[in-house]
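Generate the whole structure from the sequences, applying the supplied hints.
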Amino acid sequence: MKLHFEGHLDGVLDFSFSKVCLGDGGYYLASVAQDGRGFVRRGDTGEMCCNLVGHEGPVRAVSMGAKGTIVATGGDDGTARIWSVATGAELTMFRQDQKVSSVALDTRSEWMLTSSQERDSEVCLYDVTRGEQDKPLLCLYQKEGRAVRNVIFCRGDRSFLSSSYDRHIELWDILSGQRSHMISLPHHAKSMELCADGKTVTIAYGESIVLFDADTFNIIDHLKPPFKVTGASLHPQQQRFVCTSSYNEIYGCCSYTREFVKLHEAPELMGKQVNCIKYSPDGEVYASSWTNGQIILWQDYLNRKNRLMPC
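The UniProt record's numbering applies: residue 1 is where the sequence shown begins, and numbers increase by one.
FYI, nobody ran anything at the bench for these hints, they're computed from the structure.
For each residue, glycine too, the CB sits at the ideal point set by N, CA and C.
Hints are not guaranteed to be accurate.
What the hints assert, rightly or not - Ranges between beta-carbon positions, derived for each pair:
1. Lys224 <-> Arg130: 12 to 22 angstroms
2. His4 <-> Val53: 37 to 47 angstroms
3. Gln239 <-> His4: 18 to 28 angstroms
4. Gln273 <-> Glu118: 18 to 28 angstroms
5. Thr69 <-> Gly206: 37 to 47 angstroms
6. Glu207 <-> Gly23: 35 to 45 angstroms
7. Lys19 <-> Arg158: 17 to 27 angstroms
What the hints assert, rightly or not - Derived EDC-like pairs: lysine to aspartate or glutamate, alpha-carbon spacing no greater than 16 angstroms straight-line:
8. Lys272 <-> Glu249
9. Lys67 <-> Asp282
10. Lys228 <-> Glu249
This is the structure in structure tokens:
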């Protein structure tokens, strides 16, 4: 079973789930696209909640607040913006000298990280409860050389991780601004995701998927699929994960069998390229975004259809 979400006129560049935050067990999904538009929907039904209108040019990054009250976006117009999920109204705008290519809200929806894919980019930390006129910029973290691709909070929001085109995953302390740990990769990370447990990080690069503990920085697992990986997402209960290949195919893998199973063939999705893949917060579905403006929700049926027991 699959569900198509439409509305974007061009490639969906990023999307983000909230936690399960609605009384009936539902949650939100926010998406942004090359067409400059943003949408917030119910992630379990596709019901449209609000439009995010205001960016000038492509919007590359989005982060849903955990409780589903606010959403952050960042775009090529050099702004990061905070929006009300209830009304779609813009609450605050933060201007930067560079394009904003990644945003991340902390678990309390009080702080926001932004980064840019431009060279010698800065990672910025903002207090989103303050207006632009109230000096909301709390700290700048200078990243010299290759651009930053992605940032995520970790360690109970005391630290954050950055992945860069210099092929490094770096751990930064929020208060001191110092880098404490680093992982060097043979290729830059195509995706980086913090699991629901708040400490397991999944990174995809080259022909590898690596899981590591953000608290200890120890490698938990290293899987090597027989194809180049463009993104990966770990199930909230960590029994399995899904990933995408450079041929725009979607694979699943059980943590026990470590067998990669093709779930969706390339011909089924002919003419489209996949940009992102992520599990929903309840683990019932996973979503993929595509260059034709679609988001597809797929039923998570690895253990039934493909018999990857005991997942």
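Unsatisfied constraints (hint numbers, rising):
1, 2
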